[in-house]
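Spelled out, the chains give:
Protein chains: 2
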Amino acid sequence: MNDKDLLPSWSDGASKTAILEFVTSVTVPGASFVPPAERVATFDNDGTLWCEKPQYVQADFVFRRWRAMAEADPAKASEQPYKALAENGRAWLASLPGHVPDLVKGLSEAYEGITVGAFEQAVRQFFATATHPTLGLAYTKAGYRPMRELLAFLEARDFTAYICSGGGRDFIRPVSEQIYGIPRERVIGSATTLEYRDDDIYRTKDAEQPIDDGAGKPEHIWMRTGRKPLLAAGNADGDVPMLKTTRFAILIHHDDADREFAYDTGSEKALAEAKERGWTIVSMQNDFKVVFDP
Amino acid sequence: MNDKDLLPSWSDGASKTAILEFVTSVTVPGASFVPPAERVATFDNDGTLWCEKPQYVQADFVFRRWRAMAEADPAKASEQPYKALAENGRAWLASLPGHVPDLVKGLSEAYEGITVGAFEQAVRQFFATATHPTLGLAYTKAGYRPMRELLAFLEARDFTAYICSGGGRDFIRPVSEQIYGIPRERVIGSATTLEYRDDDIYRTKDAEQPIDDGAGKPEHIWMRTGRKPLLAAGNADGDVPMLKTTRFAILIHHDDADREFAYDTGSEKALAEAKERGWTIVSMQNDFKVVFDP
Numbered sequence: 003m004n005d006k007d008l009l010p011s012w013s014d015g016a017s018k019t020a021i022l023e024f025v026t027s028v029t030v031p032g033a034s035f036v037p038p039a040e041r042v043a044t045f046d047n048d049g050t051l052w053c054e055k056p057q058y059v060q061a062d063f064v065f066r067r068w069r070a071m072a073e074a075d076p077a078k079a080s081e082q083p084y085k086a087l088a089e090n091g092r093a094w095l096a097s098l099p100g101h102v103p104d105l106v107k108g109l110s111e112a113y114e115g116i117t118v119g120a121f122e123q124a125v126r127q128f129f130a131t132a133t134h135p136t137l138g139l140a141y142t143k144a145g146y147r148p149m150r151e152l153l154a155f156l157e158a159r160d161f162t163a164y165i166c167s168g169g170g171r172d173f174i175r176p177v178s179e180q181i182y183g184i185p186r187e188r189v190i191g192s193a194t195t196l197e198y199r200d201d202d203i204y205r206t207k208d209a210e211q212p213i214d215d216g217a218g219k220p221e222h223i224w225m226r227t228g229r230k231p232l233l234a235a236g237n238a239d240g241d242v243p244m245l246k247t248t249r250f251a252i253l254i255h256h257d258d259a260d261r262e263f264a265y266d267t268g269s270e271k272a273l274a275e276a277k278e279r280g281w282t283i284v285s286m287q288n289d290f291k292v293v294f295d296p
Numbered sequence: 003m004n005d006k007d008l009l010p011s012w013s014d015g016a017s018k019t020a021i022l023e024f025v026t027s028v029t030v031p032g033a034s035f036v037p038p039a040e041r042v043a044t045f046d047n048d049g050t051l052w053c054e055k056p057q058y059v060q061a062d063f064v065f066r067r068w069r070a071m072a073e074a075d076p077a078k079a080s081e082q083p084y085k086a087l088a089e090n091g092r093a094w095l096a097s098l099p100g101h102v103p104d105l106v107k108g109l110s111e112a113y114e115g116i117t118v119g120a121f122e123q124a125v126r127q128f129f130a131t132a133t134h135p136t137l138g139l140a141y142t143k144a145g146y147r148p149m150r151e152l153l154a155f156l157e158a159r160d161f162t163a164y165i166c167s168g169g170g171r172d173f174i175r176p177v178s179e180q181i182y183g184i185p186r187e188r189v190i191g192s193a194t195t196l197e198y199r200d201d202d203i204y205r206t207k208d209a210e211q212p213i214d215d216g217a218g219k220p221e222h223i224w225m226r227t228g229r230k231p232l233l234a235a236g237n238a239d240g241d242v243p244m245l246k247t248t249r250f251a252i253l254i255h256h257d258d259a260d261r262e263f264a265y266d267t268g269s270e271k272a273l274a275e276a277k278e279r280g281w282t283i284v285s286m287q288n289d290f291k292v293v294f295d296p
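These protein sequence lines are chains G and H, in that order.
In terms of this note's numbering, the first sequence opens at residue 3 and continues consecutively.
In terms of this note's numbering, the second sequence opens at residue 3 and continues consecutively.
To be clear, the hints were calculated from the coordinates, so they are not data collected in a lab.
Wrong hints could be hidden among the right ones.
A pair counts as met if it fits within one copy or between any two copies, since identical chains are not told apart.
Said to hold, decoys possible - Taking lysine to aspartate or glutamate pairs in the EDC-like style, the calculated list, with each CA pair at most 16 Å apart, reads:
hint, residue 1, residue 2
1, Lys291, Asp257
2, Lys246, Glu197
3, Lys271, Asp239
4, Lys291, Glu122
5, Lys246, Asp201
6, Lys143, Glu23
7, Lys246, Asp200
8, Lys55, Glu275
9, Lys246, Asp202
10, Lys271, Glu187
11, Lys291, Asp160
12, Lys277, Asp202
13, Lys207, Asp7
14, Lys55, Asp257
15, Lys18, Asp7
Please read these numbers as outputs of a predicted model, since none were measured by experiment.
Please model the complete structure; the sequences and the hints are all you need to start from.
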């Protein structure tokens, strides 16, 4: 099959051409050939592979938990942060200047002391029923179809693709295969620290350091793969360090208010770096024929 | 090829039979079948995959560095720990009750502030020339041949094998493919924390927590794979938590003073647990036809 036909949901244009040319340059024998073992591709998740507005999917998951905790314990219902968060979690999250660490911390505390297996069950239960608040889709359908095609295309060209999320590693793993065709061991993300006891593994209330965002992304990628990515894709300022360490950088630009959301907030530095460094800026409006599965 | 023929360096006996029966039980359709994606196997490195006596290979690497640092800086030559360690590193290591964290700390400090790429070069240089002090082998030949066969046999049965070492992850990665056929991204181990700056990744002087030893092993395995191992192999007390979380546990017993080394020190708890829990205890003397490549 022709390379071009493997990205049917991408419009013809500069972005698609740049991606195809780069993949060809490193996979066809020649001066810029890269052996398959070194073809590591890393993808941010929120806003790059699936929709992150009006709130992170994981925020919905945590807020539901906080509401349940407040309901189960009347004393908690009048206590902060449960009261404020349960009532107005989205605004609280948006108001935080560095919200990813707080979200990770909140998630860790909300599920403190349970086994990794019990946490996985809670995640599966969430994804089995929860839907996106405005798109009317199950969260498992909130992944961008063109990006799934890109993941599959790279795999077909002997790349190994990883998800590298500022969000929770163990929140994405249970559904990464189903949504993206990425097996759980190739999900890199932020996490709670773990505690082994009684022949099982328990979550603690502490966040593992570094968080997998900003400078933590290239660090996590090295920890997990022993490589710098050959290709990487992100959408926000927290992806800039990862995009700076890769050979081919893709920045997803959210400019499609009709089909998804249009926003530059939180991506100002990334957009400026992309222009300065010649990264491939993908316009969701112009480069994506469709955004979600029909 | 018959399963038995895939382990030619293993003597017929209870250990080989137990391994073959377990692998058959999870790979042949039936009640205990395990899908390939879930067939994770984890192997300790020092004393399980390669020789750890009379000192850890990595200790030789670090001690050489400390000696070089002391030689390069006359003030250091009379300063501790450089003086004591350069003169008598092996005895110092043996005298430490919990020596793995100290070794990791020492390694981190010895290579503080260089890029991960520069560290890899130093490791490659070491392995290109260094030889085992008593076996008369290059360190790259100090891996146990029967264990390499076991790794290859498991891969042939659609297991995914990982190295899970208390020693340094970034020390083993540059040679894991050459010695064991295990790609670098499947090496789990202790490490220094990393620092991203100037579009590159630098080593710090601090050890990443937890160390990949004892309780840290099942924690690291979950962090990296999102699974508990289906099969795991170790040789020392630091491997006990990993072996307790797996379905099929192998304990390498160093009882071959003629061909390798004979010692139970540091493995007392592991041997007791193995007997109590019915783990497969591999006698290097009786179960290995050969230990190293001829």
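Status of the hints after comparison with the structure:
1. Lys291 x Asp257: within (14 Å within a copy, 66 Å between copies)
2. Lys246 x Glu197: between (34 Å within a copy, 14 Å between copies)
3. Lys271 x Asp239: Only inside one copy: Lys271 and Asp239 sit 6 Å apart there, 49 Å across copies, limit 16 Å.
4. Lys291 x Glu122: Neither, since 34 Å and 44 Å both go past 16 Å.
5. Lys246 x Asp201: between (41 Å within a copy, 6 Å between copies)
6. Lys143 x Glu23: So Lys143 and Glu23 fail the 16 Å test inside a copy (29 Å) and across (42 Å) alike.
7. Lys246 x Asp200: Classified as between; 9 Å across copies, 43 Å inside a copy.
8. Lys55 x Glu275: neither (23 Å within a copy, 51 Å between copies)
9. Lys246 x Asp202: between (39 Å within a copy, 9 Å between copies)
10. Lys271 x Glu187: Neither: 31 Å inside a copy, 31 Å across copies.
11. Lys291 x Asp160: neither (25 Å within a copy, 38 Å between copies)
12. Lys277 x Asp202: For Lys277 and Asp202, the Cα distance exceeds 16 Å both inside one copy (48 Å) and across copies (21 Å).
13. Lys207 x Asp7: neither (47 Å within a copy, 49 Å between copies)
14. Lys55 x Asp257: within (13 Å within a copy, 61 Å between copies)
15. Lys18 x Asp7: within (11 Å within a copy, 50 Å between copies)
Against the hints set out earlier in the document, violations occur for numbers 4, 6, 8, 10, 11, 12 and 13.
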